[in-house]
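Asks: Spelled out, the chains give:
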Amino acid sequence: MDAPGLVGPCLGATPFERERTQVQTHRFQAMGSPCEVQVDTPDPALGRRLGAMAQAEALRIEHKYSRYRPDSVVAAINAGAGQPVPVDAETASLIAFADQCYRISEGRFDISSGALRRVWTFDGSDRVPDPAAVAHCLLAVGWDKAIWDGIALTLKPGMEIDLGGIAKEYAVDMALAKVTHHHDVPILVNFGGDLRVSGPRADGARWRVLIDAIEPDQRPAWLDMASGAITTSGDARRFVLRNGVRYGHIIDPRNGMPVPAAPRSITVAAETCIEAGMLSTLAMLHGEQAEHFLKTQGVAAWVAR
Amino acid sequence: MQLNPRKLGTIAAGLSALSANLLSANAAQAETVADATANAPHAPGLMTEGAPEPGSFLVDTSVLFYQEAGGRVTAVEPVINVVDNLLNGSVINGAFTYDSLTGATPNGATPATGPQTFTQIIKVATSTTQVTSTGASGGSTVTTIPGTATATSTYSTAAGRTPLAAFHDHRYAGNLGFSWLSDPDTRFKVGAAVSVERDYATYSVNAGVSHDLFQKNTTVALSLNIEQDESQPYNGTPNGFQNLNSLITNGNDHKTVANVVVGLTQSLTRFWLTQLNYNYSTSSGYQSDPYRVLSVVDSATGAALSYLYENRPRDRARHSVYWGNKLTLGPTVADVSLRYYHDTWGINSITAEVSEQVPITHNSYIKPLFRYYHQGAANFFRNYLVSGATLPQYASSDSRLGRFNATTIGARYGIRLMEDSELYVQAEDYRQTGTHYVAGAPGALANLDLFSGVHAISVMTGFKVKM
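Chains as they are written, first to last, in my numbering: chain A, 487 to 791; chain B, 46 to 512.
What the hints contain is simulated information worked out from the structure, not anything from laboratory work.
Misleading hints may appear alongside valid ones.
Unchecked claim - Quick list of simulated restraints, FRET-style, between CB atoms:
#, chain 1, residue 1, chain 2, residue 2, range
1, A, Glu757, B, Val305, 33 to 39 Å
2, A, Gln569, B, Asp494, 55 to 61 Å
3, B, Phe259, A, Ala561, 18 to 24 Å
4, A, Gly568, B, Leu258, 35 to 41 Å
5, A, Gly568, B, Thr389, 34 to 40 Å
6, B, Leu462, A, His549, 25 to 31 Å
7, A, Tyr554, B, Thr301, 55 to 61 Å
8, A, Tyr554, B, Ser409, 45 to 51 Å
Heads up, the beta-carbon is just placed ideally off N, CA and C, and yes, glycines get one too.
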């Protein structure tokens with residue numbers, strides 16, 4: 487839901503402590519986050535195989551959509567310098583999705599807002615950027631300035647897109663689809679705290695997922711899930727503190743400023759990871775109104791302030 | 046705090062639908078790295094397998110309907126093709142086809158100003174059986190010759206018409222292949238194929254190796270194929286230039302074909318993949334058509350005096366060079382190819398083909414195709430033989446050995462029905478054009494249409510699914 491590296495592993499997924507069946511855990515690093523795939527089988531070879539399959543999908547999507555790789559699709563689009571850049575079908579569907587999200591969020595979710603993160607450095611210090619720098623940056627921000635015809639994307643010179651806000655959740659859904667396509671063993675896919683399960687565990691039980699404490703003195707909470715996905719958006723570790731005002735790392739692309747009074751973290755449950763991720767991001771962008779937004783949208787969510 | 050789930054609001058409901066759409070559209074597609082080419086499984090000569098995905102199982106079933114104009118050949122061909130991509134990178138593939146062919150093909154004789162009757166000696170199962178069958182060019186009558194296992198069979202052709210001989214056949218064909226990676230960049234393959242008709246059988250084995258270089262930007266490949274054919278004509282194998290109305294005493298005959306292909310595939314840019322193949326094949330053995338004759342015509346009137354079975358050389362060597370390109374331009378995929386062919390029978394040909402796959406919606410596409418083909422005649426091609434002239438060493442009137450042009454116009458439409466399946470329909474119109482009237486032909490033949498090239502329409506519909 488956020489650019490790679492911005493959110494730490496807020497969620498640690500662990501199987502229910504009581505050892506009923508063995509779970510094979512495959513761990514790797516991708517998209518700037520620790521990732522794990524849990525396969526509910528006593529067969530370590532099967533666990534490795536399916537884990538490797540999910541990893542391959544994560545790496546494929548990371549490679550294809552990383553802003554930092556010069557040979558990625560995103561880099562090719564950002565290098566377009568005002569020219570239309572035709573994209574493949576998968577990328578087209580992701581851009582179409584982001585385009586729809588921009589519309590239904592009334593501009594709050596914007597894949598062209600990445601440049602704003604460079605003027606804001608969320609390191610816990612008191613560095614708040616000069617308003618002129620923010621205003622200058624906003625000239626190259628705004629999805630309404632891009633031309634998207636369903637086939638090719640044209641950005642204004644200087645404009646950039648960043649699919650980091652949806653790629654990780656998308657990767658979770660795709661990796662899960664890929665593995666469940668080949669095998670019906672129950673699995674849990676967790677990429678940096680965005681996770682989804684294929685269904686109940688082999689013995690019919692739920693998966694137990696721990697939600698990390700936001701503050702050191704808070705106790706961890708846990709969640710039992712038999713289906714669907716959960717994601718968390720939060721500023722637990724990323725903020726700027728100035729004159730007692732905590733500026734969270736969620737930036738409103740409409741004015742280039744951090745969203746005031748945003749919750750510390752929002753955890754959302756939904757059918758798919760990309761859906762949960764978008765809901766938690768949108769809720770965060772509603773700041774003070776986050777709970778109200780989640781309530782009116784009828785979303786299952788946990789909010790920490 | 047926890048917020049209780051309830052009926053979804055507009056934004057959440059919209060997101061839910063959008064997410065489901067996005068994932069269902071891509072779950073299948075993301076399985077291949079070259080996602081723009083995922084819907085082009087039949088791209089001829091180029092990357093037909095795409096990047097095989099370990100652990101997937103593909104089934105492609107289709108039915109081809111083929112119809113030649115003028116009541117000639119009708120064929121129905123169901124095919125089932127199965128590919129099992131094993132997790133260790135090995136691939137097992139198999140295909141099975143059953144053909145049913147009915148109709149009539151030119152028997153090789155020239156048309157005439159009056160009706161023509163063709164009489165031949167055929168073998169029958171028992172000496173007392175009398176068989177009558179109906180051919181496209183008129184009734185065919187079989188009269189048994191008492192006390193022998195042979196009979197005379199006659200059929201006739203109306204004035205001015207290309208003489209056709211009726212036939213009906215079935216063909217069963219299957220092949221099996223296995224390929225494996227000996228290291229991440231080297232793939233070996235072996236395979237075998239069988240095709241059996243009532244009067245013809247083909248058996249072949251093949252082996253090959255391909256090797257990726259320069260981070261898989263370059264692939265070099267070598268493959269070999271050895272084929273053995275058994276020709277088992279119903280009435281035996283006629284000698285070259287044997288008279289149609291005479292007893293054939295030879296039994297079956299055979300042919301051996303060896304084929305080698307060397308290929309180079311190179312990705313030039315992210316959007317352009319090019320392939321160069323050289324193919325050499327040599328065949329020796331019986332290569333004539335055991336049912337095809339030539340008219341021996343009167344040098345003055347052009348009237349047919351007799352019919353002789355054709356005679357082709359027993360050896361043939363073929364060379365061809367194929368240059369194919371796959372260009373990815375945004376969501377469209379274009380295939381552009383050229384092929385040059387030469388053989389020792391004197392045939393030279395070129396083929397040029399262009400097709401472009403264009404998405405219509407996120408789950409359907411259309412792929413128009415145009416192919417042009419031109420060939421020169423084999424050096425022993427004759428429309429007829431002239432009575433009293435020296436008999437050439439070899440002769441055939443098969444239009445496929447003559448000079449002609451052919452154009453194919455077609456289109457394929459594919460739609461994704463479920464997550465990992467595609468329904469497709471492909472239609473093609475194939476038309477041969479050539480010289481209909483031969484100036485200087487004897488007598489009446491100069492005014493008769495001697496071109497027997499075909500015009501055919503084929504429709505293939507199929508369904509493929511990945512499991």
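Asks: Each hint needs a verdict: does it hold in this structure or not?
Replies: Do the hints match the structure? See the list:
no.	hint	verdict
1	A:Glu757 - B:Val305: 33 to 39 Å	violated (55 Å)
2	A:Gln569 - B:Asp494: 55 to 61 Å	holds (57 Å)
3	B:Phe259 - A:Ala561: 18 to 24 Å	holds (21 Å)
4	A:Gly568 - B:Leu258: 35 to 41 Å	holds (37 Å)
5	A:Gly568 - B:Thr389: 34 to 40 Å	violated (58 Å)
6	B:Leu462 - A:His549: 25 to 31 Å	holds (30 Å)
7	A:Tyr554 - B:Thr301: 55 to 61 Å	holds (59 Å)
8	A:Tyr554 - B:Ser409: 45 to 51 Å	violated (35 Å)
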